[in-house]
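Asker: The primary structure of each chain is shown beneath.
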Amino acid sequence: MTKLFLPLFLGFTLNVVSQGAEQLIPSQAVTVFSINNTDVLQKISIDEWITYDFMNEIHQELFDKSTENKSVKDAGLDFDKRLCSFYGKTSTYELTGFTFGIKNLNDLFTVFDDFEEIPSNDQNVRVYQSLFNNLIVNQDNGLLVRIEPLEPYLNNLTDSIWYARGNTSPYYAFDEDQDMTEEEITNEDVNKDMLEKTYYELRDSLQFELQKQYYATVMHGLLSDKESLYSKDSVFRELFTHTSAGVFYLDNSRNVDRSKNLWYLKTVLPTLYLDVQDLYEDNIITGDLVLEESSIKFKLKTSYSAPLGAIYSEMNDAKFDNSIAKYIRSDQPAYFTYTINLRAAYEKAFEVLVPILSKANDPEISFNLLMLKLGNALINKDAVFDTYKGSLFLTFNGVQKVKTKKITFFYDEETFEYGEKESEAEEDMPIFTMGFSTKRKDIPDMVLEHLSQVTSKFENKGDYWVFNKAIFDAAPVFIINTKDLFILTNDQDFAENHRDGFGKDALSKKQIKNIKKSGTMAGFVDIQQLALNFPSEFINETQQELFNFLRNKSGNLSLRSVETKAQFSTFEMNYSFLDKERSSKHFLDLLNTLYLLTR
Amino acid sequence: MKRFYLLFLLLPIFLCSCVEIIDDLTLNLDGSGTFKYTINLSSSKVKVNSIMALDSFNGKKVMKLGELDNMLAEFKDVLKKEKGIRSVQMEFNKTDFIIKIAIDFGSIQELQNGIKTAFIKVDPKNNMLHDDGIWMSWDGKSLSRIIPNIAAERIKNVKDTEDNLLKTGTYTCISRLPRSIAKTNNVQCKLNPSKTASMLRVNALDLKLNPNLLEHTITLSP
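Protein chains in written order, with our numbering: chain A, 1 to 599; chain B, 1 to 222.
Treat each hint with caution, since some may be false.
Short derived list, chain B residues pointing at chain A, Cβ under 10 Å [to be verified]:
no., residue
1, Glu20
2, Asn28
3, Ser43
4, Ser44
5, Val46
6, Gln112
7, Asp139
8, Lys141
9, Val202
10, Asn203
11, Leu205
12, Thr217
13, Thr219
14, Ser221
A few chain B residues that don't get close to chain A, going by computed Cβ distances all over 12 Å [said to hold, decoys possible]:
no., residue
15, Asp24
16, Asp30
17, Ser50
18, Lys76
19, Asn93
20, Lys94
21, Asp96
22, Ser107
23, Lys121
24, Thr168
25, Thr170
26, Asn185
27, Ser194
28, Asn210
Hint data in this document are derived by calculation from the structure and do not stem from the laboratory. Note that CB positions come from ideal geometry on N, CA and C, so glycine has one too.
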């Protein structure tokens, strides 16, 4: 991850404004992040900038012993130009890199001092190579790219050649039960080491050859065919007309990680694969990062194909369930609402997918399709979608003492013998509430009644249920089944005293109006409250670093979906802060935290 | 003071939880006896479960339940083969996080050697276990219990932020002897009415602040 993150962050350290560098991004790039340094760097000095943790990594990567005492400031980079970092992955290789402006080529090579120039077939372009990276210099624009075969692919290829040659497993281990002398064991070890060494030599040479081959493919496209992401994709091109501090691009239709589940279809049923792929055609996610006086906005736009858009449009054509509002406190540290019409989405998805799946001649898919059609015809869809309508809410209610059971030892004062007894205990626990919209109270009731007969852990308390020892076999979960909502919570106070909502303490009219305006998704986080209240033992160390960072911040994070059309949806995330720090400082702080998180 | 060794193997979980430990030693006239050791984490089971769900905690790898189970089983297997160890019984209540071990031994020295060897085999990388100190001694007239320096250092290193949890933890040290007790040098030691057993109970936080609290010598009547 560090490898991927490095170029990403190096991207942040450079800049964009005059044209050029982004035009060198290979067409194989799937994700691009670009930063306009005029917005960021005008407010933050490079000296301050290079104190961040992510800059240390960049220094370590670029500045080896031969470049000691130099920093990114001395690297000959043009800080008035946009810098882009990119990542791409095909089924056989991945590429990472960044593009940047060059102010002084000599200074650049004091940093990139391991590179050697190799012949170029374009007189305007100079090409350099080091052991791992390739550097392309086109006038005052640079591209640093690393291309590597995918490890599973490389391993498979190595194994197939290795075993085809009649070799035994390089990881062969002798039978421990076998009686062997010391000398025989030593010889066995030596042979094993030799075998392993030969295997890795084969793997290394394959890696080297594949790297050359893939590099040639990428460079041919870029330099001979003059085909870059910029020249090929009008959506990507358009992004660079934006004046925001940063832009983000992800072509989801070429996102191998997303489509790997379709790999079987691609190999076995190419026609069907292509049809399903059509769904994701034009599925491109773009984003703008806007720095304002006391906030940072991240505006995200997801474009999609007409069939996928039709499903999303139906799904998002829903109104906020008013019954949710009374169950969220106005001062809740964090809450999230999701409003969709699941029934409409299902009907549209059925309409779109059935014709696609019907084309398949595969018996397994045909059988699945039959099940799908039978289910559609026989199941009472009204009951299903009235029970779970699709809308939900989630709240974080801080940390509370929850009642648990513990074992204590009691002593006989005469003999000091001891025995065990169960008693009440209290432990700190983060408190969450989750509720789903429903029109069929009777169905969850039926399930709960049944469960209470099967296990004594389910207790009917009249207006609510308790599932004892549900969390870590210690703390209870409370289930409240109202006319409109099915609610799960570990908040005893909520279950006992707020089953009808929080009354005047619930969301204000203004807050409800904002949620309604937000459409499908709305979220709010009081950063400091969340960070201060969330117990550290429930999160891992890297997450703790994020929380430690957030504890020093005051502000709110809000998320909302802005608009859903047949061709696209837009979302907005807003980080507003109350202190007097500059937005660019907050921005870099956040990036640094993200870096620490993904390190 | 082998009692701490068990505790250390299960670090970092235990010292970050409210822990109740019972260290119960029964000695016969011939020097043989039974050693019972109980670790009770049931009052922190939510916390222990959540820590166990993590890969690492406070910079240390967190042992998974299965690994802990295997380690305890291995410890038992190794220990029962040690010289002078007559039987080993172990019980692990995974719901309430209570571990109980009972060891029948030929002599105190063999018990200590056996425990130490078993721990070194189970966790050879743990330098602490190579400490060759004697934690208990029995000469037929008196029983002494002390804390090895390394153990004292470990408990001192528990973070101050965990002090609240330590406050609710206890360490109970029980010694049952073959004759009546004439005296003990630790005023906190409580004797039973027949004066054949002593009990020393200390708060885990107090123990962190003063590891010598558990040191005591019990002298028997002639």
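Asker: Give a verdict on every hint.
Answerer: Verification of the hints:
Taking 10 Å as the C-beta contact cut-off toward chain A, the hint placing B/Glu20 at the interface holds, the least distance being around 7 Å. About 17 Å separates the beta-carbon of B/Asn28 from the nearest beta-carbon of chain A, more than 10 Å, and the hint is not met. Interface restraint check for B/Ser43: the shortest CB-CB distance to chain A comes to about 4 Å, inside 10 Å, so the restraint holds. For B/Ser44, the interface hint holds, since its Cβ comes within 10 Å of a Cβ in chain A; the closest pair sits about 7 Å apart.
At its closest, the beta carbon of B/Val46 sits 4 Å from a beta carbon of chain A; the interface hint therefore holds under the 10 Å criterion. A hinted interface residue such as B/Gln112 counts as satisfied when its beta carbon comes closer than 10 Å to some beta carbon of chain A; here the least separation is about 22 Å, so the hint is violated. For B/Asp139, the suggested interface contact is broken, since its CB lies about 23 Å from the closest CB of chain A, more than 10 Å. With a cut of 10 Å, the hint placing B/Lys141 at the interface with chain A is violated, because the nearest CB-to-CB distance is about 21 Å.
Because the beta carbon of B/Val202 sits about 15 Å from the nearest beta carbon in chain A, more than 10 Å, this interface hint is broken. Residue-level restraint check for B/Asn203 is violated (minimum Cβ-Cβ distance to chain A is 15 Å; threshold 10 Å). Proximity of B/Leu205 to chain A is violated relative to the hint, the smallest CB-CB distance being about 18 Å (cut-off 10 Å). At a threshold of 10 Å, the smallest CB-CB gap from B/Thr217 to chain A is about 18 Å, leaving the interface hint violated.
Look at B/Thr219: its Cβ only gets to about 18 Å from chain A, farther than 10 Å, so that hint breaks. For the restraint placing B/Ser221 at the interface with chain A, the shortest Cβ-Cβ distance is roughly 18 Å, beyond the 10 Å limit, so the hint is violated. Listed as a non-interface residue, B/Asp24 fails to keep its Cβ farther than 12 Å from every Cβ of chain A; the least gap is roughly 8 Å. Distance check for B/Asp30 against chain A: the nearest CB is about 22 Å away, which clears 12 Å, and the non-interface claim stands.
The beta carbon of B/Ser50 is not kept farther than 12 Å from every beta carbon of chain A, the shortest such distance being approximately 5 Å. No beta-carbon of chain A comes within 12 Å of the beta-carbon of B/Lys76; the shortest separation is about 21 Å. Some Cβ of chain A comes within 12 Å of the Cβ of B/Asn93; the nearest lies about 8 Å off, and the non-interface call is violated. The claim that B/Lys94 is not at the interface with chain A is violated, since a C-beta of that chain comes within 12 Å of its own (minimum 9 Å).
With 12 Å as the threshold on Cβ separation, the claim that B/Asp96 sits away from chain A is violated: the shortest Cβ distance comes to roughly 5 Å. Chain A leaves B/Ser107 outside its interface by the beta-carbon criterion, the shortest separation being 23 Å against a cut-off of 12 Å. Every CB of chain A lies more than 12 Å from the CB of B/Lys121, the least distance being 17 Å, so the non-interface label holds. Residue-level check failed: B/Thr168 sits 10 Å from the nearest beta carbon of chain A, not beyond 12 Å.
Separation of B/Thr170 from chain A is inadequate, the least Cβ-Cβ distance of about 9 Å not exceeding the 12 Å criterion. For B/Asn185, the shortest C-beta to C-beta distance to chain A comes to about 19 Å, beyond the 12 Å cut-off, and the non-interface label holds. The beta carbon of B/Ser194 sits about 8 Å from the closest Cβ of chain A, which is not more than 12 Å, so the claim that it is off the interface is violated. At the 12 Å boundary, the C-beta of B/Asn210 stays outside the reach of chain A, the nearest C-beta of that chain being 23 Å off.
Going through the hint list in order, the structure does not satisfy hints 2, 6, 7, 8, 9, 10, 11, 12, 13, 14, 15, 17, 19, 20, 21, 24, 25, 27.
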